[in-house]
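S.K.: Kindly produce the complete structure, drawing on both the sequences and the hints.
Keeping their order, the protein sequence lines are chains Y and Z.
According to our numbering, the first sequence holds residues 1 to 295 in order.
According to our numbering, the second sequence holds residues 296 to 523 in order.
Don't take each hint at face value.
BS3-like mimics (lysine-lysine), calculated; alpha carbons at most 30 Å apart, straight line [unchecked claim]:
1. Z/Lys362 x Z/Lys388
2. Z/Lys468 x Z/Lys388
3. Y/Lys279 x Z/Lys388
4. Z/Lys419 x Z/Lys468
5. Y/Lys279 x Z/Lys468
6. Z/Lys388 x Z/Lys419
Simulated from the structure, these hints should not be mistaken for laboratory data.
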Amino acid sequence: MCGIVGLMIRNPALRGRLGEWAQPMLVGMTERGPDSAGIAVFTEPLDAGLRKLSLNAPAGFDWSALHAALADGESLEVRANHGTLTSPRPPSAVRASLAVAFPQLRVLSTGRAIDLYKDVGTPLEIATKYGLAGMAGTHLVAHTRMATESAVTPENAHPYTAGEDWCLVHNGSLSNPYSLRRKLEPLGIAFDGDCDTEAACRWLEWRMREGDTLEAALERGFDALDGFYTFLMGTHDALAIVRDGFACKPALVAETDDWVAIASEYRSLAHLPGVAQAKLYEPQPERIHAWRAAA
Amino acid sequence: MTVLASFDLSRTPLRDVNRFLHRELGDTTHVRIERPDGAHSIAVGLDAPVRVDVDGHAGYYAAGMNKHATVVVHGNAGPGVAENMMSGTVRVKGFASVSAGASARGGLLVVEGDCGLRCGISLKGADIVVGGSVGSFSMFMAQAGRLVVCGDAGDALGDSLYEAVIYVRGEVKSLGADARFEDMTDADLTAVAGLLAQAGLRHDPREFRRIASARSLYHWNVDANQEY
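M.R.: Here it is in structure tokens:
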């Protein structure tokens, strides 16, 4: 069992409330996922020449050493054991130099819009540790984990990312993650861990890199991804959710003119302002539900 | 005489409310539960002819195992509403998630809106009336009881049915293995009219089609080579 949470602010004037409204949504899914949690926040994108990398460090990491090693034009913002490194260099070059100088750092995400935080602990602990309530942005994707098929570690927490400005959270289990992986690895796509969710995340990102739209990739995914799933995904300007044909894992959508909220259960939507007037519905099995952020 | 008790689930723990419903009703005839906010297992296991109004959306298993009571959810219900009901009435004013009325042995479940997948799965004798549509795999392996659907049905309706009967007014996307359309008899028209009346829904029973088991799966057929 796991909990999924998504929120998109449609009214640009309310984007400062994103984290404040999302925190009780995440905490509301504690019973579905008490062991780890993660949050991907999509902010206004950086200039085209800049990328940000979300970094996770082990306890005791000396962030001042990374500060001292920053290249020209780079900056670093640290929250607990996470850092956001902004750089004008290509992300592959940043990753390569980090791997040499700071091998203990893990790169959680890359892009112009995405910030990612994930860790072990209760959802409230993680929301508090990283200051979720103060986060602003257009939309976010979050997850509470109850591990069933791999260990409780920060790496195995969701969201998973691949490429740039793309993340995915998963409630369910896939039955063909290794065949997906055997297809992707010969194409040069490297995996970080062995969680089934990572295979879906990287497979969909590969399809989009090959030219599929988000919707086209997801449509293909209904044939290629086998198992039980509710996937909630984020791109720089979109939120999307799909459920397998048996809809074994729950999901509920609430929409108002001001926001779109998605959660495994109504418990996580009940506090939202205006929810009594929201349009409530369950995403249909094997149908793509996607929302675009206002420009 | 109505004796009313009210609880606010944002202040009173659900266990206290359910304990009251199980053991402390006394002369109470009517219980109002406010601020349910999607909590699980609201008003489960009731065993008295009390009326319970849930003023909002319920989570998993609302009114599960109900016996004798009348439970009205003034909102939507999560998975497994009225699962394993024995008797009484459960009414959902909004929509219900998956597995509504699963394994229910008796009583009446009315969902005024739509139901998700697997509505009436393994039904064992209860009646279910759905004002809207039902999702795929509804009435899978249903053994006894009746389902009336005023809207449409999804894929594999009535797969591996036993003696339960389904009446659908709208489109059926596909029938499951061993389910088939049958002619409506006078007894069917009377049954549908009665269930619609109990549910408070106005439709002409002649607009409904009957689906029941062809009973070809009742006995093992070695020549079928497991191709059903």
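S.K.: State for each hint whether it applies.
M.R.: Hints, verified against the model:
1. Z/Lys362 x Z/Lys388: holds (20 Å)
2. Z/Lys468 x Z/Lys388: holds (25 Å)
3. Y/Lys279 x Z/Lys388: Distance of about 15 Å is within 30 Å: holds.
4. Z/Lys419 x Z/Lys468: Between Z/Lys419 and Z/Lys468 the Cα gap is close to 24 Å, so the pair holds against 30 Å.
5. Y/Lys279 x Z/Lys468: Between Y/Lys279 and Z/Lys468 the Cα gap is close to 26 Å, so the pair holds against 30 Å.
6. Z/Lys388 x Z/Lys419: Given pair Z/Lys388, Z/Lys419 holds - Cα atoms ~24 Å apart, limit 30 Å.
Violated hints are absent here; each numbered hint is respected by the structure.
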